[in-house]
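**Student:** From first to last, the protein sequence lines are chains A and B.
My numbering puts the first residue of the first sequence at 6, with every later residue one more than the last.
My numbering puts the first residue of the second sequence at 333, with every later residue one more than the last.
It is possible that part of the hints are untrue.
Said to hold, decoys possible - Selected chain B positions facing chain A (Cβ under 8 Å, derived; list incomplete):
1. 338
2. 340
3. 408
4. 409
Worth flagging that the hints you see were computed from the coordinates, not collected in a lab.
Backbone N, C-alpha and C define an ideal beta-carbon position, used for all residues, glycine too.
Each chain, letter by letter, is given below.
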Amino acid sequence: MRRLPTLLAAVVLAACAAPTAKAPQRSGFQDMSASTQALQRDDTANPAMLWVEDGRQLWTRAAGPQSKSCSSCHGDVATMKGVAVRYPAFDDTLRRPVNLGTRINLCRQRHQQLPAWPAEHQELLSLEALVGLQSRGLPIAPPRDARLEPFRTRGEALFQQRIGQVDLSCAQCHEQRAGGRLAGTLIPQGQASGYPIYRLEWQALGSLGRRIRNCMSGVRAEPLAHGSVEMAELELHLAARAMGMPMETPAVRP
Amino acid sequence: MAARVLIVVPPNARRGEVVELRATIAHPMETGYRPGADGRPLPRDILRRFTCRYNGEVVFSAELHPALSANPYLAFHTVATESGTLEFEWTGDNGFAQVERRPITVS
Chain A
6 MRRLPTLLAA VVLAACAAPT AKAPQRSGFQ DMSASTQALQ RDDTANPAML WVEDGRQLWT
66 RAAGPQSKSC SSCHGDVATM KGVAVRYPAF DDTLRRPVNL GTRINLCRQR HQQLPAWPAE
126 HQELLSLEAL VGLQSRGLPI APPRDARLEP FRTRGEALFQ QRIGQVDLSC AQCHEQRAGG
186 RLAGTLIPQG QASGYPIYRL EWQALGSLGR RIRNCMSGVR AEPLAHGSVE MAELELHLAA
246 RAMGMPMETP AVRP
Chain B
333 MAARVLIVVP PNARRGEVVE LRATIAHPME TGYRPGADGR PLPRDILRRF TCRYNGEVVF
393 SAELHPALSA NPYLAFHTVA TESGTLEFEW TGDNGFAQVE RRPITVS
């Protein structure tokens, strides 16, 4: 019987050590029903392609006092291949990380001299989906930029931080309980590999920010503002988490 | 900007072949039962009818109702008889009308 405490201590130690081993990355795509997967696989059925087609028209549409379009500077949209996989990236002027949507809006303000689109604006999402689509299949590759490091660290802390009246952190669901169930719904790892997504629940295209705000109001926390530094920090951590996963933009999710 | 559509028509078909046609249109399909931000029901705005004509002849039509999700997707089949035009027409509330034409070559 004298051995029991040592044995117990060993079991407790082993149990504590186990969760530190990271589960392999798993896209939400793998846990969707076959029919939803088929919807994402087929570009002629994926409803997000309606926005992509819109984005194609916007890409070449001249606007603003200088009558400039996206293509006046960037040329064909195919040149944007590999761009979306490295966002959020550091913006030299703002001295903070910005996500792809903010970057498009900054382009719009700086080069087209037009007012920024509000968050979740249909035209902004269309361009985001179009640019994202060019990188489909490429591995997510956050930039190795030392200036981003403090922001990413804060994003990671926020990911681990318990929030809201429900007092849950992102990590508690999406790392510790990923693969389990919340009522009838499977808890995904929450890998941000296909944004903007067409979510069947929304019946529309939405950004990563919208999805994160959804989760935050779900745990009854005050959602982070769209385009805020904190949101960019959290997105930076999510990008680091999803590093190497193939980009799925524009993905379909239930 | 006109409503956005995704239409799939096989460009070439053999005579007598059964071909699949697919059509998606961007539309909110607002049911008329949902409350808006002010608590009042949002006015109904749905597509009422979809018709597909093959060289003028109706080959498929459907009545649509509020229970359908936004951006409705319809897939159906027809027999390729001769080369010509497929016409896809959606009509709905608030005078919504959209017609799209796609060529089909039958050999």
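**Student:** It remains to establish, for every hint, whether it holds in the given structure.
**Tutor:** Hint-by-hint comparison with the structure:
no., hint, verdict
1, 338, "holds (6 Å)"
2, 340, "holds (4 Å)"
3, 408, "violated (14 Å)"
4, 409, "violated (15 Å)"
Comparing the model with each earlier hint shows violations of hints 3 and 4; every other hint is respected.
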